[in-house]
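**Q** Residue numbers (the numbering used here), protein chains in the order written: chain A, 1 to 366; chain B, 367 to 477.
One should not assume that every hint holds.
[As the list claims (entries may be wrong)] Simulated DEER-style distance windows between Cβ atoms:
#, chain 1, residue 1, chain 2, residue 2, range
1, A, GLN95, B, GLN476, 32 to 42 angstroms
2, B, MET396, A, PRO70, 49 to 59 angstroms
3, B, THR441, A, THR88, 36 to 46 angstroms
[Unchecked claim] Derived coverage of chain B by chain A (criterion: at least 3 residues anywhere in the stretch with Cβ under 8 angstroms from a Cβ of chain A; other residues may be distant):
#, segment
4, 380-388
5, 431-444
The hints are simulated quantities; they were obtained by calculation from the structure and are not laboratory data. Quick reminder that beta carbons are idealized off the backbone N, C-alpha and C, glycines included.
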Amino acid sequence: MSTPCRHSIYCILPPHILKNIAKNTKDAKQREAALNALSVDHSIRSDRTTFSLLGGLQVAHAVGLTAATPAVHRTIYVAGNREKLPGTLARSEGQAPVKDKSVNNAYDGLGATFDFYLAAYQRNSIDNQGLPLKATVHYGDGYNNAFWNGQQMVFGDGDGSIFGDFTAPLDVIGHELTHGVTGSQANLTYQGQAGALNESISDVFGSLVKQYAAKQTANQADWLIGKGLLLNRNDLALRSMAKPGSAYENDPLLGSDPQPAAMLRYDESAEDNGGVHINSGIPNHAFYLAATAIGGFAWVKAGQIWYDTLLDARLKQSADFAAFANLTVMNAAQRYGTTSIERKAVIDAWTQVGVPVQAHQAAVAG
Amino acid sequence: MKMTFVRSGGFAGPMMRVEGAVDFEGDKAMVTSEARKYRRELDQDEARVLRDAASRGIGEAEGQVAPDSFQYDVTVTTADGKTRRGTLHGDSSNPLIQWIRKESDRIFSQK
Ligand SMILES: [Zn+2]
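Start from the sequences, fold in the hints, and give me the full structure.
**A** Dropping the structure here:
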């Protein structure tokens, strides 16, 4: 399964550098050492690689350099209602379902998200290098949250009165895994507009994971985030990409959805890292508008444009909405042409939510 | 002494926002959250531990913010009128944040 990492320096080099060494060096010993390090068990490498996915050392990616055939490698742990990570191993890749529904939800959800990224964008896991996917369920006591900690996904059970199990909706799992993808690509700062873009990208691809699994077109999809997570409120969700601000209204416990659909109602609060879960409604809605205007399966064209933008080297960590929007226009032009209906749909979408885009091809990137 | 706090963020975002205040009076304390019509009187032990934790300070934010983690904004006003503010993220081991976390859950779930 693994080859010991005998040359320590090679053990700390990221895979893409090892691959470059293996490919380019004329020294046979160096090549062998690099190849040995590359073959080290992913579970050993994962902790170092994932360290970089929350703003540490940025992992670079070279499309086409992935050594092995992409294959999902999932490990699900249970925290037993404590807050120690990762917890106790409950199910590894290839093992049969267990009795614990949350474990199976997480296993299946990670698999569906991995499959989506591979099929839609030929992306091999979070880092496009086959990073093993790790998740812990039953985290905390009645814990009303799910998060990505830079190394793994973490899911609470919910309090059982307002929130149910956070592993239940597929888009929640897709959302959290996408935070890892963003962390390994543009690594958008989790604050203000860059943070709201970070959130929005997770909502966009979380929703697309759900649509891909259900084989829904843009017009068939509900565009809701977290539907099914709220107990006794089956019709409600946490966010609506189609109609931000409408996911819940006048609820005695939850209040009303404050998400804006356009810049006119941008929230300047310092709370929640500058309103990242509120202002994400604006780029969320822009994506919805572009996807429904283009039509068909949303992950095919609109999703591809957003994905190209996430991978675009011009997208800075501190990007604001306008910088991101301009890059989506450029990427739409790049992929579908400057006179394409896809590019026009993207321009119209951003214009409708009040984010200015430059219709020409100037390089604007934050 | 008085302490106010706001919890924001988390995957569910604004629907989980909680704000609360703690008024320390003698050896007791009262927690209130007007928006959620919540009141809880702390017993002497809990009030003492919380007062100590609040007096020690809020601490500094550590490192990167994990996406979808909670944000806690805390303001402590001491008897001499001095005010200290702080912001922390995530599941900090800071005892003050631990208490605010639990109390925020209690307020949110109306327990
Ligand atoms: Zn998120």
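**Q** It remains to establish, for every hint, whether it holds in the given structure.
**A** We went through each hint and held it up to the structure:
A hinted range of 32 to 42 angstroms holds for the C-beta pair GLN95 (chain A) and GLN476 (chain B), which are about 40 angstroms apart. Take MET396 (chain B) and PRO70 (chain A): their Cβ atoms lie about 58 angstroms apart, and the range 49 to 59 angstroms holds. Checked against the given bound of 36 to 46 angstroms, the beta carbons of THR441 (chain B) and THR88 (chain A), roughly 40 angstroms apart, stay inside it. Figure legend: the segment 380-388 of chain B, annotated as covered by chain A; annotation consistent (4 residues with Cβ-Cβ distances under 8 angstroms, at least 3 required).
Interface restraint, the segment 431-444 of chain B with chain A: holds (8 residues with C-beta to C-beta distance below 8 angstroms; minimum three).
Violated hints are absent here; each numbered hint is respected by the structure.
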